[in-house]
Amino acid sequence: MRKEKVFALLLSLIFALTLGLTAEGQGDASGNGKAAPAYPKGVLDFVAPGGAGGGWDLTIRTTAKVLKDSKLVTVPMPVRNNPGAGGSVNLASLQEKKGSDKIICVYSPPLILTKLAGTTDLGYTDVTPLARLIADYAVFVVAADSPYNSMADVMDALKKDIKSVKIGGISSAGSMDHIQFLMMAKAAGIKNLNQIDYVSFDDSAAAQVLGGHIDLFSTGLSEVLGLIESGDLKALGQTADHRVGEGVVGEIPTCVEQGIDATFVNWRGLFGAPEMPDYAVTYWRETLAKMVETPEWKAACKTNGWDDAYMDAPEFGTFLGQVDKEYTDILKDIGLIK
Amino acid sequence: MDTLQFLFDGFLVALTPMNLMWVTLGGFLGTIIGMLPGLGPATGVAVLLPLTFSMGPTAALITMGGVYYGAMFGGSRASILINTPGDGAAVAATFDGYPMTLQGRAESALAISAIASFIGGIFATFCMVAIAIPVARFALKFGPAEYFMLFLFALSATASMTEGNRLRGFLATILGLMISTIGIDGQSGVVRFTFGVLELQSGIDFLIVIIAVYALGEVFKSFNNIHTGKTNVQKKFGKIWITREEWRKSVWPILRSAPLGFFVGALPGAGGTMASLMSYNNEKQLSKHPEEFGEGAIEGLAAPESANNAASVGAMIPMLTLGIPGSGTTAVMMGALLLLGLQPGPMLFQQQPLIIWGLIASMFIGNIILAVMNIPLAGLLVRVLSVPPKILYPIVLGLSFVGAYAISYSIMDFYLLIIFGLAGFLMSKAKIPSTPMILAVIVGNNMEQSFRRAYKISDGSLGIFVGSPICIILIALTVISIAYPVFKGIVDKKKKSSSPA
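Quick mapping for you: the protein sequence lines, in order, are chains E and C. Mapping to our numbering: the first sequence position 125 is 125, numbers consecutive. Mapping to our numbering: the second sequence position 400 is 400, numbers consecutive.
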């Protein structure tokens, strides 16, 4: 009988441990919060609207790490994952935290695209922009033995037979990987955009272009850096307005250079809850402006293949309005919105 | 020779006291995490992510690797003892592991599970050293059509294996496929069957369904006898080891399942669940007495255990050789690599050979440590059977909810857990098997999407599904998997009627 009790106790311990583990997953407390000024005070709440290990997660964790390492922020900044519905779950929960000065989250073009796609009513006007931090650019890659050697080759083939080039990407139809290719195709003068075949894959889409199952993979530059450097994938063009990176990556021509007058920026920026108090907004605008100048941040950008694309809150707000219009136009062209 | 030199250097890295400590710690944590319902390797690695910040890349990778295969070792503990798998890959361990426990053979079951896991893991690590690159290249031949056929084969084999009630097996499969259609459809971007619930847009996580059907289902089933006092509490425990006879039965299934698991694991997107279920089906078909499967056949436990551990090693191949995540767990590990400033991809082997070979060497060491650790641990764990249900089941219930919450930190999952728990209970009352449904939930979305990807790529021609030797082999296997049990049933009936009464 006593053994049973001991065992029950042991089980309860395991149970408690699990609770601890999950709480751990909710955030790692770092720093001890001493010498904190009036704001920020207490524990901040950094949120990645996607799962652990994803692009958003990487951005916000890197930001928190740099802020801590450079001692710009001395209060704890645990990172929390609140994934679901392409970030919309977090967007919805932010609406219940109106006026909060604690929450900092990261977003990128899906913030605008999910609303346009009609899967949520919330968009970029329902958060408080703080700063645009980095940019990744789209890159269009083909297998090393592909007959296509430039963006023009691809566009010519599409003009001859719109079904001849199968485009693959990771996001679902109407989302980023799809849109970024269509914006180039539109600028190249292709009219029947809605007939271009876009095939949506999961994380392993790179394997599909390597294996020759799709003709072209539309993705983010940082996603396929390794495969471009090794020569397994041939990069036909990237969508910045300038050359990005060094070495093999620096040799990838922009689409503009190839006569396609369009750019696409996969920006990532930080946002607060709706109606974030002014003192908090001011604090983060100043802090983030300092952060992007630190050597720690520059080093992180380099290893991750990010382009520094810092933009202060007011300009960032205007920028968001512009891209919203661009995305709307292209989605209208392919008939995804009326 | 180069490989051996690198491997030797890798061992020097892995055998440093710190790294030995990390792999042991990772393996131990993984075993514990794996045992808990809902907390599988992906959650385990994700939870560790913040901690790995402060480690070097080698130590971080070794620890995460330890958690990964530790969870594979631990995942089946709960399957065997209380019929509640902690992860998809541990579902197959319930088929014969739990019946063994009910027969009072839990000790043998736990022992063979550790031994099979060990052999599967070591075998796969050898394969990785020898043939990682060719395997990765071969896996690239799998396009959407091949994946569709592979999923179709796994589903039909599992459904038709449900002895005696094949129709119910297929019914369960269809239920699972229906569940898997919920969420945003990748090919059209349209939201399906979410009834306006935001959280459902990402689909229903198969782990929720597994926890609900097994853990909650088990709790609901015990409602009937929880207060009567008449419980099957085991009081006496033997040594955690197997007999010579049991070893003789298991050795071939273990050796056959390891390469199968390794290869299926190396296919991006297939994973440990597929590997373990395929090896189980495989052994059942090869067996001379398939009627013993599901009734506590030790080889029915040994095979999937070997396969899922081999798969966890195989899943590292696309990540390490190509920088492509091969499973949910490796996707998180890749994110961690980036956080640590490493760029996953083909160049990693050349740029950071010590890190990679250190990881591979630590897999050998980790598997040995886990096997040594798991046998005495099993001796302790088996005593869970002495806990009366009225104490045990509330704890299982609590753990289930914690596990479900850890998946995506969503309250919505609690409701789903209860709904599917009740559904699982009703299914068991109606004698509808749950495994085909679980597998369908896991592969359903991928299978449907693969079909439509292939269809789009071929401009609407079905020819693509017979367009490659891999497809044709998989079709043949699918047909055999459905026809063989039917055919065998007819033959057996004839034998019976022709034999003198």
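No lab work stands behind these hints: they were computed from the structure. Warning: the hint list may mix true and false statements.
Short, incomplete list of chain C residues facing chain E, as computed with Cβ under 10 angstroms [claimed, not checked]:
| # | residue |
| --- | --- |
| 1 | Ala139 |
| 2 | Gly186 |
| 3 | Lys221 |
| 4 | Asn224 |
| 5 | Gly269 |
| 6 | Ile324 |
| 7 | Pro344 |
| 8 | Pro376 |
| 9 | Gly379 |
| 10 | Pro469 |
| 11 | Ile473 |
Here are the simulated DSS-like cross-link-like pairs (lysine-lysine), alpha carbons at most 30 angstroms apart as the crow flies [claimed, not checked]:
| # | chain 1 | residue 1 | chain 2 | residue 2 |
| --- | --- | --- | --- | --- |
| 12 | E | Lys234 | C | Lys141 |
| 13 | E | Lys163 | C | Lys456 |
| 14 | E | Lys325 | E | Lys186 |
| 15 | C | Lys456 | E | Lys234 |
| 16 | E | Lys191 | C | Lys456 |
| 17 | C | Lys141 | E | Lys332 |
| 18 | E | Lys325 | E | Lys98 |
Please read these numbers as outputs of a predicted model, since none were measured by experiment. Note that beta-carbon positions come from the ideal geometry of N, C-alpha and C, so glycine has one too.
Each hint tested on the structure:
1. The restraint placing Ala139 of chain C at the interface with chain E holds, with a minimum CB-CB distance near 7 angstroms, inside the 10 angstroms limit.
2. Given hint, Gly186 of chain C at the interface with chain E, holds; its Cβ is 4 angstroms from that chain's nearest Cβ, closer than 10 angstroms.
3. A least Cβ separation of about 20 angstroms between Lys221 of chain C and chain E goes past the 10 angstroms threshold, and the interface hint is therefore violated.
4. Here the hint on Asn224 of chain C is broken, as its CB sits about 22 angstroms from the closest CB of chain E, past 10 angstroms.
5. For Gly269 of chain C, the shortest C-beta to C-beta distance to chain E is roughly 5 angstroms, which falls under 10 angstroms, so the interface hint holds.
6. This hint holds: Ile324 of chain C has a C-beta 5 angstroms from the nearest C-beta of chain E, less than the 10 angstroms allowed.
7. Here the hint on Pro344 of chain C is kept, as its CB sits about 6 angstroms from the closest CB of chain E, short of 10 angstroms.
8. The interface hint given for Pro376 of chain C is violated, since its Cβ lies 15 angstroms from the closest Cβ of chain E, which is over the 10 angstroms cut-off.
9. Interface restraint check: Gly379 of chain C against chain E, minimum CB-CB distance 13 angstroms, threshold 10 angstroms, status violated.
10. Here the hint on Pro469 of chain C is broken, as its CB sits about 14 angstroms from the closest CB of chain E, past 10 angstroms.
11. For Ile473 of chain C, the interface hint is violated, since its Cβ never comes within 10 angstroms of a Cβ in chain E; the closest pair sits about 17 angstroms apart.
12. Distance hint between Lys234 of chain E and Lys141 of chain C is fulfilled; the C-alpha atoms sit about 19 angstroms from each other, no more than 30 angstroms.
13. Restraint check: the Cα-Cα separation between Lys163 of chain E and Lys456 of chain C comes to about 10 angstroms, which is no more than 30 angstroms; the hinted pair holds.
14. A hinted pair counts as satisfied when its Cα atoms are at most 30 angstroms apart, and Lys325 of chain E with Lys186 of chain E qualifies at roughly 15 angstroms.
15. The hinted pair formed by Lys456 of chain C and Lys234 of chain E meets the criterion: a straight-line CA distance of about 24 angstroms does not exceed 30 angstroms.
16. Of the pairs offered as hints, the one joining Lys191 of chain E and Lys456 of chain C holds, with about 20 angstroms between alpha carbons and a cut-off of 30 angstroms not exceeded.
17. Of the pairs offered as hints, the one joining Lys141 of chain C and Lys332 of chain E is violated, with about 36 angstroms between alpha carbons and a cut-off of 30 angstroms exceeded.
18. About 26 angstroms separates the Cα atoms of Lys325 of chain E and Lys98 of chain E, which keeps this hinted pair within 30 angstroms; it holds.
Going through the hint list in order, the structure does not satisfy hints 3, 4, 8, 9, 10, 11 and 17.
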